[in-house]
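The listed protein sequences correspond, in order, to chains A and B. If you count the first sequence from 1, position 37 lands on 37 in my numbering, and the numbers rise without skipping. If you count the second sequence from 1, position 47 lands on 47 in my numbering, and the numbers rise without skipping.
Source of the hints: derived by calculation from the structure; they are not laboratory data. Misleading hints may appear alongside valid ones.
Below, simulated DSSO-like cross-link-like pairs (lysine-lysine); rule was C-alpha separation at most 27 Å, straight line [to be verified]: (1) Lys55/B with Lys78/B; (2) Lys78/B with Lys15/B; (3) Lys147/A with Lys78/B; (4) Lys65/B with Lys87/A; (5) Lys49/B with Lys113/A; (6) Lys87/A with Lys55/B; (7) Lys46/B with Lys14/B; (8) Lys15/B with Lys147/A; (9) Lys15/B with Lys65/B.
To spell it out: a stretch of chain A is covered by chain B in this simulated footprint if at least three of its residues, at any positions, have a beta carbon under 8 Å from a beta carbon of chain B; those stretches are [unchecked claim]: (10) 88 to 96; (11) 106 to 119; (12) 126 to 132; (13) 146 to 154.
Please read these numbers as outputs of a predicted model, since none were measured by experiment. Backbone N, C-alpha and C define an ideal beta-carbon position, used for all residues, glycine too.
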Amino acid sequence: MRTMFSDEVIQAAELKRNQRYWFDRARQTGGITIMQGKVADLVLTLREEIAQNAQTGYYAKLISQFLLEMIKADYDLKESIIFPWLKDMDREDRQEFCRELIETFAECLAKGKWDGLEELLEDWEATTETNRNPEVIEAWRMRGDHKEYVPVEAPDAVEI
Amino acid sequence: MPSKYKVVRRKAVKKGWLDICARDPKGAAEVLQFLETTPELRVPGKVKKLRGRLKGLLQYDVNYKDRVQYWVNKSEGKVMIEYAGPHP
Chain A
1 MRTMFSDEVI
11 QAAELKRNQR
21 YWFDRARQTG
31 GITIMQGKVA
41 DLVLTLREEI
51 AQNAQTGYYA
61 KLISQFLLEM
71 IKADYDLKES
81 IIFPWLKDMD
91 REDRQEFCRE
101 LIETFAECLA
111 KGKWDGLEEL
121 LEDWEATTET
131 NRNPEVIEAW
141 RMRGDHKEYV
151 PVEAPDAVEI
Chain B
1 MPSKYKVVRR
11 KAVKKGWLDI
21 CARDPKGAAE
31 VLQFLETTPE
41 LRVPGKVKKL
51 RGRLKGLLQY
61 DVNYKDRVQY
71 WVNKSEGKVM
81 IEYAGPHP
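So here's chain B without its partners, still in its complex pose (with noise of 0.2 Å):
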């Protein structure tokens, strides 16, 4: 499926995003190609969207540990990541 989402994340992000890349490469690759493609597809138990003050943040959980948030910034095509790293 081709990129419509160009990913961006959050400078601070960098070392918990590198940190799945080393836990989980293949989790990294396949929330890297969603993001790309389809940011905002509901997928049970994978995809949350955030509510209350924090409606339109998206979580993606790449597995039992880690997680992603973002949110899908529309008029600009791009996908920013706001964290990424361990559930609390």
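Bound conformation, chain A alone (with noise of 0.2 Å):
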């Protein structure tokens, strides 16, 4: 028997007769559902797979979240219960942020892999973070004069 997603139903007896045989099956097909008298409830499926649609939900309830802040603030969002940081940041800033955050969404719902907006997030968090301390703008405006810079004391030279 098959349902609507494709995997295999089979009686909890069935599966205690041939584990082997079902195992590999269910690594194959994707997975295979569990009948335990009337009732077909439980999976029998790829860790990485759970672990990997756990993801998906997560990002895309937390994405939907936040587009919903950006309608309700007709598209100019100050800020945000979502991101918190987003105050910190400029007008341009926060449009660039935007734009890159329904990319990367997008690219990472397409490929199922999540490292890339976990590292957008990351990026995005420390660039504000930044933006509040002066004297790294005014270092990062006036970056690349020769006479500013001298080699960096290695640990174990410094006097502890």
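With the hints as a guide, bring both chains together as one complex.
Here it is in structure tokens:
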């Protein structure tokens, strides 16, 4: 028997009889449903697939909540509950963040891997923290003037 | 791993860098080795690539408290440290 998800449904007793066959079958097909009596509410499936689906659900929820915030703010969101650090961005950075967020979300969704989105969020959070430090902003603006740099001291050469 | 880059710091960063060396010499040694060899390598949770107007600036989180911000001058084979010190 096959369900609408195209997985096979077997009785628990059948699983017990031919464990190795059904384990291999689950790995090959992506999953089988186990029926106990008349109830078919358990599946034997790949751990990685479950983890991936959970991540997809998590990020889909996160992005949809953020988009809802955007819509409510008429696409000019200055403060966010989802990404509280957004308040430290100027308009230009906010627009760039939103564009990159949606693009990266779509890419990750297509690949089924979410590292790219995690990195994007880490990067932007670090960026907004740095924007609060005028010392770094000024240094970045004036970067590259050779007379302002000296070789860095090795830690073991430092008196502790 | 042999050093590929010479690491320099902004003069104004002296105190911040020496403070990190004093607080966390092991962390400071690790970040220095990283900067000399693979400064652009993405390390999840450790290395961040800043964006927007700060694109090109990288951040290495030395520990929970301290970080080093730098950029890579490839043409001169140098890593330029712009900030070393605590998180805001």
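Against the structure, the hints:
1. Lys55/B with Lys78/B: holds, 18 Å
2. Lys78/B with Lys15/B: holds, 21 Å
3. Lys147/A with Lys78/B: With Cα atoms ~14 Å apart, Lys147/A and Lys78/B stay inside 27 Å; holds.
4. Lys65/B with Lys87/A: Holds - the C-alpha atoms of Lys87/A and Lys65/B are around 23 Å apart, at most 27 Å.
5. Lys49/B with Lys113/A: Distance of about 19 Å is within 27 Å: holds.
6. Lys87/A with Lys55/B: holds, 19 Å
7. Lys46/B with Lys14/B: Given that 27 Å is the threshold and the Cα spacing comes to 22 Å, the pair holds.
8. Lys15/B with Lys147/A: holds, 18 Å
9. Lys15/B with Lys65/B: holds, 15 Å
10. 88 to 96: n = 4 at 8 Å, threshold three: holds.
11. 106 to 119: holds (count 3)
12. 126 to 132: Contact hint for the stretch 126 to 132 of chain A vs chain B: holds, 6 residues under 8 Å.
13. 146 to 154: Coverage by chain B holds for the stretch 146 to 154 of chain A (7 residues, Cβ < 8 Å).
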